[in-house]
Amino acid sequence: MSFWERFEGMDPRYMYVFLALALLIPVFRPVGMPIAIDHAFTQPMFDWIERELRPDSLLILDTAYSPGAAAELDPQLAAIFRHLMRRGHKVVLISQWELGARLGTTVVRRVADAVGAEYGVDWVSVGWREGGLPWMRSLQDDFWAGMGGVDIDGVPFERLPLMQRLRAFRPGQVDGIICFVTGSPGAPTYITWFPEIRLHLGATAVMVPGLTPQLVAGQTRSLLTGLRGAAEYEVLIGEPGRAVKLMDAQSLGHLIIMALIILSNIGYAIRTRQGAT
Amino acid sequence: MAVSTNPQVWVIALTTLAVYSYLWKDNWAYRVVEHVFLAMSVAHAVVLTWDTGILPRVRTDIIGRGAWPFVVAGVLGLLMYTRLASPKWSWLSRYPVGLAVGYGVGFTMAMSPRPWMIQLRDSFRSLWVVRGGVFQAQATFNQWVFVIFLMTTLSYFFFTVSHQNKLVKGSAYLGRYAIMVGLGAAFGNAVIGRISLFLGRLQFLLMDWLGFVI
Amino acid sequence: MRREIPMVLATVAAIYTFVWQVSHHAWETRWLTHTDLWRTFMMQVAVLLGALNLSRLQISNIRRRREHWPYSVLCLVVLWSYMIFGMTAYGLFAGRGNRHPIYLWFHDGVMVPAESTMFSLLAFFIASAAFRAFKIRSREATVLMVFAFIVMLARVPVGQAMWARMPALGTWVMAWPTAAAMRGMAIGIFLGVFAATLRVFLGLERRYLGTS
Numbered sequence: 000m001s002f003w004e005r006f007e008g009m010d011p012r013y014m015y016v017f018l019a020l021a022l023l024i025p026v027f028r029p030v031g032m033p034i035a036i037d038h039a040f041t042q043p044m045f046d047w048i049e050r051e052l053r054p055d056s057l058l059i060l061d062t063a064y065s066p067g068a069a070a071e072l073d074p075q076l077a078a079i080f081r082h083l084m085r086r087g088h089k090v091v092l093i094s095q096w097e098l099g100a101r102l103g104t105t106v107v108r109r110v111a112d113a114v115g116a117e118y119g120v121d122w123v124s125v126g127w128r129e130g131g132l133p134w135m136r137s138l139q140d141d142f143w144a145g146m147g148g149v150d151i152d153g154v155p156f157e158r159l160p161l162m163q164r165l166r167a168f169r170p171g172q173v174d175g176i177i178c179f180v181t182g183s184p185g186a187p188t189y190i191t192w193f194p195e196i197r198l199h200l201g202a203t204a205v206m207v208p209g210l211t212p213q214l215v216a217g218q219t220r221s222l223l224t225g226l227r228g229a230a231e232y233e234v235l236i237g238e239p240g241r242a243v244k245l246m247d248a249q250s251l252g253h254l255i256i257m258a259l260i261i262l263s264n265i266g267y268a269i270r271t272r273q274g275a276t
Numbered sequence: 000m001a002v003s004t005n006p007q008v009w010v011i012a013l014t015t016l017a018v019y020s021y022l023w024k025d026n027w028a029y030r031v032v033e034h035v036f037l038a039m040s041v042a043h044a045v046v047l048t049w050d051t052g053i054l055p056r057v058r059t060d061i062i063g064r065g066a067w068p069f070v071v072a073g074v075l076g077l078l079m080y081t082r083l084a085s086p087k088w089s090w091l092s093r094y095p096v097g098l099a100v101g102y103g104v105g106f107t108m109a110m111s112p113r114p115w116m117i118q119l120r121d122s123f124r125s126l127w128v129v130r131g132g133v134f135q136a137q138a139t140f141n142q143w144v145f146v147i148f149l150m151t152t153l154s155y156f157f158f159t160v161s162h163q164n165k166l167v168k169g170s171a172y173l174g175r176y177a178i179m180v181g182l183g184a185a186f187g188n189a190v191i192g193r194i195s196l197f198l199g200r201l202q203f204l205l206m207d208w209l210g211f212v213i
Numbered sequence: 000m001r002r003e004i005p006m007v008l009a010t011v012a013a014i015y016t017f018v019w020q021v022s023h024h025a026w027e028t029r030w031l032t033h034t035d036l037w038r039t040f041m042m043q044v045a046v047l048l049g050a051l052n053l054s055r056l057q058i059s060n061i062r063r064r065r066e067h068w069p070y071s072v073l074c075l076v077v078l079w080s081y082m083i084f085g086m087t088a089y090g091l092f093a094g095r096g097n098r099h100p101i102y103l104w105f106h107d108g109v110m111v112p113a114e115s116t117m118f119s120l121l122a123f124f125i126a127s128a129a130f131r132a133f134k135i136r137s138r139e140a141t142v143l144m145v146f147a148f149i150v151m152l153a154r155v156p157v158g159q160a161m162w163a164r165m166p167a168l169g170t171w172v173m174a175w176p177t178a179a180a181m182r183g184m185a186i187g188i189f190l191g192v193f194a195a196t197l198r199v200f201l202g203l204e205r206r207y208l209g210t211s
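If you read the protein sequences in the order shown, they are chains A, B and C. Residue numbering for the first sequence follows numbering that gives the first Met the number 0, beginning at 0 and increasing consecutively. Residue numbering for the second sequence follows numbering that gives the first Met the number 0, beginning at 0 and increasing consecutively. Residue numbering for the third sequence follows numbering that gives the first Met the number 0, beginning at 0 and increasing consecutively.
Excised from the complex, chain A in its bound form:
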């Protein structure tokens, strides 16, 4: 058995251990390589919040994801929420995914406590409701009725001053939507039903190729790419966090995967040549 055959027949569990141990090094000791900002995908989100939104704007943030995507989207949500609070905007957190409601609220509450944002005044989390698209559509006419008049914790909207500003999910009352997506339902809800309101997306990396046509057509104005997008945003707001710290490990992970593909193809080429001769 040749080296290459042994390599390909290797127990994958050795590979798992190698990958895990290799990634430990840059997580412990990040080099801090510079991170370039993507001017087509990431920068427009920052510019919009920093320069275009009028002060005291009301934005809907949709955490349309589950814990499976949290590693990529939680850092995006944290960085964007921090930026929004810094600029004095208001946020209503909603979720098209039932698990995303509590997940997003936990992340935002942590940041809100750190920056001194007050619940009910600066931000509110209304959560998720069973009902799919008709539920989301009903919010266009009557947000309070569609949500049953209570927030994620059952607190009546009457007791939350911010909710007095949001009676219908329409332009004029809502100045923008930022949706964090990992699948369906997600971006199509807003692209189809809320086209009059400016949409920005934060997506898991896997989703990005499928959403790029929407970005190109202007249906969404920006598209943050997974953990990389979060790291770029942390750099943009000048507060490098967990995402930035992981980018060196991300580099090594990619190099390992590429090396594996190259090595296995070298082996394949050698074996094919030997077979031919």
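If you're looking for bench data, these hints aren't it; they were derived computationally from the structure. Mixed in with the good hints there might be a few duds.
[To be verified] Facing chain C, from chain B, some residues (calculated, C-beta under 10 Å):
| no. | residue |
| --- | --- |
| 1 | 56 |
| 2 | 66 |
| 3 | 99 |
| 4 | 180 |
C-beta: ideal position from N, C-alpha, C; glycine also.
Got chain A sorted already, so can you dock chains B and C onto it with the hints?
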């Protein structure tokens, strides 16, 4: 390094390690977490719907305003459960299913073409870009790339004209490469995403559980 | 009667939402809002269906003593105890059980990390697939791999360290050729989905009502 003393952090860590144990081989710890997770996610959807959907609606609309159509809707919803009852009654579940499907189909028919029309409109590109009287070579090249990739991909899925036709055949052949470019980018992004997910867990184990300062 | 009336209901509902959605009058009268809420409530009432279905499956596993049936017992116990606790923690009609500290403790302590970790297993499977499956056997596969490498390198700092313009190249690949190819594929998918919807709208597709 200060290992966490928070019991919840320990439960999270043990849950994480139990799932990773599957990489070595299928075992009881992984199966326990798998079944507990499945049960809890289904239960969570019910609890959330009860607390934030059904109860507020009953309180404010049915009891508060006497809005009887909600009672009718509720009864229709209850008919769904006949699906699990004897076959003698399961046909009753077709009423709410028919209503729900029809309701969604009408919306889709009315609204779903619009975003695609916008995409189609965006696909009509200027193939000779001039800005301020100056020819833009890079922009022109990009537009050509876009249009060629789009048209060849479409022709790969276009069966109205036989693929024996030389033009369609050639275009579909190029389309296969265009699709590979798209799928290659998708694969690249998939790697980014998967590594990120693992790094997220690794960070938790090292920082939140084992207390390393990174 | 058993199939025809549901069919009629589906058609009436479809025509209703279609016409109302495109009518300004409907927006003014807000009729759709009312029916949206009724429809949403109907689905909410049926939410227990998932739990009942899962229970039925697990009970069947236990009865037939299928492989790993003890885990089905665990699944049932957790399902109903977590659900009943969540619904009654502060009283059945309090509507606050989902934020009871014990309920949240298990939500954050077990459910959230379990799902995150399960998804992260894919990092290892992709590594394993990388050296077993990704063979460049054709020109198409070569193109796929080349563009995958460009995107992978462009998205990490080491790519930028290798070549300063790598991130820009990655953005170009995503914004031009990838966007165009993805749009071509998506248009095909949309046409398929729309045709399927049209079949339901016209009453040609009835399988959603199940078999009689």
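Practice item. Go through the hint on residue 66(B) and say holds or violated, using the shortest Cβ distance to chain C against 10 Å. Key: 9 Å, holds
Worksheet item: Regarding the hint that residue 56(B) lies at the interface with chain C, is the smallest CB-CB distance below 10 Å?
Response: 5 Å, holds
Item to check | Status of the hint placing residue 99(B) at chain C (closest C-beta pair under 10 Å) | outcome: Since chain C brings a Cβ to about 7 Å from residue 99(B), closer than 10 Å, the hint holds.
*Could you check if residue 180(B) really has its C-beta closer than 10 Å to a C-beta on chain C?*
5 Å, holds
Consistency with the previously given hints is maintained throughout, with no hint failing.
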